[in-house]
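All chains, please: the whole structure from these sequences, using the hints.
First to last, the protein sequences are chains A and B.
Just so we're aligned, residue 18 is where the first sequence starts under my numbering, counting upward by one.
Just so we're aligned, residue 24 is where the second sequence starts under my numbering, counting upward by one.
Please note that a few of the clues may not be correct.
[What the hints assert, rightly or not] Stretch by stretch, here's where chain A covers chain B in the computed footprint (C-beta under 8 Å, at least three residues): (1) 40 to 50; (2) 85 to 96; (3) 150 to 159; (4) 185 to 195.
Simulated from the structure, these hints should not be mistaken for lab results.
Note that the structure is predicted; figures quoted are calculated from it, not measured.
Just so you know, even glycine gets a beta-carbon here, dropped at the ideal spot from N, CA and C.
Take a look at the letters that make up each chain.
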Amino acid sequence: MTSTPKPISTVSTIPRNITKTWELPGGVHPAENKSQSLKLPLINCPLADEYILPLNQHIGAPSLPLVRVGDRVKKYQRIADAEGIFSASLHAPTSGLITAIEDRFIAHPSGLKAPCIVLQADGNDEACELIATENPYSLDHPTLIEKIRGAGLVGMGGAGFPSAVKLNPKSSTPIHTLIINGTECEPYITADDILMQTYAEEVIAGSQLLAHILGHSPQVIIGVEDNKPEAITALKAAAQNTNIQIASFPTKYPSGGEKQLIYILTGQEVASGQLPAALGIVLHNVGTTVAAWRAVRYGEPLIERITTIVGQALTTQRNMRVRIGTPIQHVLDHNGYNARRNASLIIGGPMMGFAIEQTSIPVVKTTNCLLVPSHAEMPPAPPAQACIRCGHCADACPAGLLPQQLYWYARADDHSKLKSHNLFDCIECGACAYVCPSTIPLVQYYRSAKGDIRQADLDKKKSDQARERFERRQERLAEEEAAKEAKRQERKAVAERNKARLADINAESTSNTANSRILNDLVANAVDAAAKQTPNPAQEHARLARTLESLNSRIARLEGQISSEQDETRREKFAAQIKQTQQSLNETQTKIAAIGTNTSTVIENQISKVTEKLNASPIDLAQKSLATLQKRLATAEEKWAEAKAEGKATADALTQGVEKLKQKVIEAEQALNAIQQSSAPQSPDQTVNAGTSNDAANAAIERAKQKAQAAAAMTPEQKQAAAIQSLEQRWLKAKERLAKAQEDNDENIEAFAASVEKLEQKMLALQAEGTS
Amino acid sequence: MLVWLINNPVWGALAVMALLSLVFGAVLGFAAVKYKVEGDPLVEQIDALLPQTQCGQCGHPGCKPYAQAIVDGEAINHCPPGGQSTINALADLLGVEAPSLDAEHGEVTDIKKVAFIREEDCIGCTKCIQACPVDAIVGAQKKMHTIIESECTGCDLCVEPCPVDCIDMLPVTQGVQQWSWQKPSNIIASDRTPAEAAA
Chain A
18 MTSTPKPIST
28 VSTIPRNITK
38 TWELPGGVHP
48 AENKSQSLKL
58 PLINCPLADE
68 YILPLNQHIG
78 APSLPLVRVG
88 DRVKKYQRIA
98 DAEGIFSASL
108 HAPTSGLITA
118 IEDRFIAHPS
128 GLKAPCIVLQ
138 ADGNDEACEL
148 IATENPYSLD
158 HPTLIEKIRG
168 AGLVGMGGAG
178 FPSAVKLNPK
188 SSTPIHTLII
198 NGTECEPYIT
208 ADDILMQTYA
218 EEVIAGSQLL
228 AHILGHSPQV
238 IIGVEDNKPE
248 AITALKAAAQ
258 NTNIQIASFP
268 TKYPSGGEKQ
278 LIYILTGQEV
288 ASGQLPAALG
298 IVLHNVGTTV
308 AAWRAVRYGE
318 PLIERITTIV
328 GQALTTQRNM
338 RVRIGTPIQH
348 VLDHNGYNAR
358 RNASLIIGGP
368 MMGFAIEQTS
378 IPVVKTTNCL
388 LVPSHAEMPP
398 APPAQACIRC
408 GHCADACPAG
418 LLPQQLYWYA
428 RADDHSKLKS
438 HNLFDCIECG
448 ACAYVCPSTI
458 PLVQYYRSAK
468 GDIRQADLDK
478 KKSDQARERF
488 ERRQERLAEE
498 EAAKEAKRQE
508 RKAVAERNKA
518 RLADINAEST
528 SNTANSRILN
538 DLVANAVDAA
548 AKQTPNPAQE
558 HARLARTLES
568 LNSRIARLEG
578 QISSEQDETR
588 REKFAAQIKQ
598 TQQSLNETQT
608 KIAAIGTNTS
618 TVIENQISKV
628 TEKLNASPID
638 LAQKSLATLQ
648 KRLATAEEKW
658 AEAKAEGKAT
668 ADALTQGVEK
678 LKQKVIEAEQ
688 ALNAIQQSSA
698 PQSPDQTVNA
708 GTSNDAANAA
718 IERAKQKAQA
728 AAAMTPEQKQ
738 AAAIQSLEQR
748 WLKAKERLAK
758 AQEDNDENIE
768 AFAASVEKLE
778 QKMLALQAEG
788 TS
Chain B
24 MLVWLINNPV
34 WGALAVMALL
44 SLVFGAVLGF
54 AAVKYKVEGD
64 PLVEQIDALL
74 PQTQCGQCGH
84 PGCKPYAQAI
94 VDGEAINHCP
104 PGGQSTINAL
114 ADLLGVEAPS
124 LDAEHGEVTD
134 IKKVAFIREE
144 DCIGCTKCIQ
154 ACPVDAIVGA
164 QKKMHTIIES
174 ECTGCDLCVE
184 PCPVDCIDML
194 PVTQGVQQWS
204 WQKPSNIIAS
214 DRTPAEAAA
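If you want it as structure tokens, here you go:
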């Protein structure tokens, strides 16, 4: 922006003068077109039959509905509550019946639907009782803020920022200036102008109230452009005997922007990415100011606003008090709307407004203007020509940006350059596009680039999160695998050592001393193993204590439920649960008592086992090992059969295990037969199904890869054929699975059957598509 | 010393050069040890550009392995979820010409999808949990599973292993909150076709 602020006009106001205003850098002077809507007086828009109330009419979280379909509501009744601080509540604009809470078209450039409460008016317009406050200054600060929050107040200039948030600044930044924005710089719109003319007293009263709420008795300035002489006169008359200053300054678009108006009135610039509150300034729209006064003084929630209805496609152009939620069609119909003459339907002004397609869209808290120009009034924009680098856009930019540079970077999707050229300081006023001799839709480039950057930032955040999760998962899998491997190695080592010792015993059976030494070693090993098996008594105690605690709390909870439950059968169920819980409680208590005594018994058991093993004759040992092996073989075979029947992926691995065991059994038998050999082959206690953990993800990747490779070379017809074929295969597979499930009487038969049916449907649909 | 240097300019110059090379060699050697970079920073940079869907369409079990493969010389156009913008970013980073996407690895889809488990059909087999590369599925043996939508990358890997075919890939709903302006269509007056110009 320009370097030295220079005063351009002196304003003579009653009672305290603003000595100077500053000139806004850049800006444009479009045709004002404000007179046509000011010829007729302000009237109320007649009641509509149906009101559509979007849950998100403001910046922040959507409101939470408080009513249900079928509820009767009265005018002013709260029908949706604010969700958190950055939100606003919503009130019924008239009495009637809630007929739906569903997605409807809303006033949004996307033309998408969003959740709305639909109210069928009963025509009585019956109001609920409001709590008026004779003297608002007698209320304390939290009550005042709560009243404003409860009235669902949002910034009515266009952004829809929840007003209560702005009125409750951090205590670290005291507010020394309150600016009331009556600038209304955009062509065609006169809603604030007529508001200031009609409700000048309330604007002043509201300004004083807002200043009071902000505390620290800030100076209050009402900024009005000099193209609204009647409004200025009315405000000055109303502001007599107050210390509110009315500042008027030359008309220029976009003086009404928040940061722009602050510069014009104070010469201070709000830093990039900061709020005016950082400078100790708060800014409110005149409409919001009046609504705040009415909310506190009369207890009136925000259910209507003044909207300018203007354009040559109407027979009457004027301002109306419109209830929030009134369908635009209804408003236009009351002003002689001629759809055939209408070029486009614009919400907001010609510079910053957006065109909509549906006329069923409702008026919301931020709808300050409905612009319905004729074809002659607003001809379609001529096609864009190449940029001739004239630099007019940079002269017009009120934010001091370089629109031409931003344009090139936006076209090139150069996000980092856009950020470094402060794209996000663009207020999308459209001054650059207005002056562009090549009629390039510059603002649309900036809006789209802003959206892309926001999306890219979100994606980045999400992908970082996905990366972290992926890496954590890999780590976890590696750890699990390592732990398994370590256990396997340990068992193997122990088994080998024992084998070697036994061989030693056999070799040196004559030497008693050696025998006893080895026995000692084995006993030591056994004690070690036993110690490993039994957990640390302290830890064990803590664990059991935790269990005990949770069981106790569970009993307490169940008892509470019993006392509050009326149903007899459910009470019995709870009683049974309590009994069960008590049983486990008792078990836990005995376990706690037994801690410590366990370790020694385990060790003794181990020792006796080892001694027995040592003392047993080789033939006994061989027989015993054969018996265990046979037993293991039996269980393995059983498992294998089960897996095969269920069609589990582990079946193959289990087959291997069974094979191995069979081999071992044969070996053991041979060993037993060869009685000369004193010891049967020790069976290493290895897990049989080492191969089962085949990574499902890897397999899926492999298959997907093959599929993609095949798909790359195919025509669309071939692709479809392939899709049908793969579905067919999946269908056959599913059928097979179902048959197996039926054979085994599997509990999931129904799920399998459903999947077969679904696949069949999918397949048929695809085939039908292919033939058509 | 100085006198000797003046008297023997050639030997003096040589001696000074030798001394300097020794000093610089020592400094560089020290720096090489002190500021040694563990791992390959290029892999990290490439990994940061990849979309992290971990979908395996490139033929590697995850985005990081593909980043490693790119460093080892694999082509940069094997990532369909990233699309052309990722290829461009990679080309920019590596200073090579940006190729178009290799159709062998799949096609670019603009519609973002997430997996959804039809919970009434789930039999609790845990197969999808084992397949999910980002642990976005919650569930246990014989208990119903569900997908954490905010964590799902839409990689598709859980669909195939499901024995009852209860996982669907649903497009992410585009509400008013997610919507953003589109770029103006890139037609300037001189680009118009004769038919358009006549009209």
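Structure-based check of each hint:
{"no.": "1", "hint": "40 to 50", "in the structure": "violated (count 0)"}
{"no.": "2", "hint": "85 to 96", "in the structure": "holds (count 3)"}
{"no.": "3", "hint": "150 to 159", "in the structure": "holds (count 8)"}
{"no.": "4", "hint": "185 to 195", "in the structure": "holds (count 4)"}
Hint 1 from the earlier list is the only one contradicted by this structure; the remaining hints agree with it.
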